[in-house]
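Chemist: Sequence:
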Amino acid sequence: MKTGKLINALLTLCLIFPWTLNAQRTARISLHEQFARLGYDQIELQRTAENHLYLVGKLNGRRRSVLVDTGWSFTTISTNAARRLPSSRGGGTNESPYVLIEELGLGRNSFSNQPARVERMVFDGQATPFEVVLGCDFLRGHFAVIDCLNRRLYLRRCAPTEQEQSRFEGFLRENGFKDVALDLKNPLAITCPARVNGQPVEMLVDTGAVWSSLDVRQLDRLGLRALPTLAKISGVGKTSTRGVAVGEAKSFALGDVPVKDANFALMDLSDWGLAAPGKELSGVQGILGGTELVANGALIDCHRLKLWVKQYDAARIVTQPTR
Numbered sequence: 001m002k003t004g005k006l007i008n009a010l011l012t013l014c015l016i017f018p019w020t021l022n023a024q025r026t027a028r029i030s031l032h033e034q035f036a037r038l039g040y041d042q043i044e045l046q047r048t049a050e051n052h053l054y055l056v057g058k059l060n061g062r063r064r065s066v067l068v069d070t071g072w073s074f075t076t077i078s079t080n081a082a083r084r085l086p087s088s089r090g091g092g093t094n095e096s097p098y099v100l101i102e103e104l105g106l107g108r109n110s111f112s113n114q115p116a117r118v119e120r121m122v123f124d125g126q127a128t129p130f131e132v133v134l135g136c137d138f139l140r141g142h143f144a145v146i147d148c149l150n151r152r153l154y155l156r157r158c159a160p161t162e163q164e165q166s167r168f169e170g171f172l173r174e175n176g177f178k179d180v181a182l183d184l185k186n187p188l189a190i191t192c193p194a195r196v197n198g199q200p201v202e203m204l205v206d207t208g209a210v211w212s213s214l215d216v217r218q219l220d221r222l223g224l225r226a227l228p229t230l231a232k233i234s235g236v237g238k239t240s241t242r243g244v245a246v247g248e249a250k251s252f253a254l255g256d257v258p259v260k261d262a263n264f265a266l267m268d269l270s271d272w273g274l275a276a277p278g279k280e281l282s283g284v285q286g287i288l289g290g291t292e293l294v295a296n297g298a299l300i301d302c303h304r305l306k307l308w309v310k311q312y313d314a315a316r317i318v319t320q321p322t323r
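Numbering (our numbering), first residue to last: 1 to 323.
Just so you know, the hints here were simulated from the structure itself, not pulled from any lab data. Remember, it's a predicted structure, so these values are computed and weren't measured experimentally. Do not take every clue at face value.
Straight line, CA to CA, 27 Å or less: simulated DSSO-like cross-link-like pairs of lysine-lysine [what the hints assert, rightly or not]:
# : residue 1 : residue 2
1 : Lys310    : Lys260
2 : Lys178    : Lys306
3 : Lys310    : Lys279
4 : Lys306    : Lys185
5 : Lys250    : Lys310
6 : Lys178    : Lys279
Assemble the whole structure, with the sequences as input and the hints as a guide.
Modeler: Written as structure tokens, this is what we have:
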């Protein structure tokens, strides 16, 4: 009798196990399928060692490296790339003229007549490895959703209908994602409400940032202690390379959603136009960077201004500042 029960149990396992594997495979690809059913174009991205999301695209037929950066207000091309554009024309300010890109190729997709600023893009005096930056203006204008964990950029030619959006959001909730309402600032920036050690912090959502960071003026309020590290960071343009301290938070939440506890880079964010009195974004006291976006499986809906997070135990695939 016991032998018969054992055989039946084994047969049941043989039937269930392949079905479970198929279900897992379906779960892995269903997100991409859902985007396709809703009419999104999918563009595969790559990730640099500095945690930047980018692809190799085409600027009026020429291959160019393209950074996808939610922390960058306006789509920008380097001065070197702009010199070779036949459609280049003056405009904007003396420091930031603009061009109209006749054709921008991203994956299998092509976009016409895209406005872009022209800047000399340097890190600590040296040219950046990317020649085009897709900023918030492009991402919002093309209804972008960025899958930070799986390195995908999803774009649409028109806004999803309310029914399509409802179906999409229902699908995400059924698969364990939780949403956080984002805010849109002027100058153009997307921010996220957060809590560090229970205290409120408004953070810039920045896929171009290596780490998440907090302004040093917030240490006492947030109950953080600054510990020195060997890490250094530099910004575009006049911001110089500087050392980075680190602070370990006991608790961290995005909106009302508790997420993985985090180590934050601690620095003066005023060079980036944040956190300091008199700055336009003085109320933004931190940056939500690639490390936490990846670690929590984030989807950034740039059009509907929602951040969808799903905790992954093994998703922390980039290095935090180390002591």
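Chemist: Any of the earlier hints contradicted here, and which numbers?
Modeler: Per hint list: 3, 6 violated.
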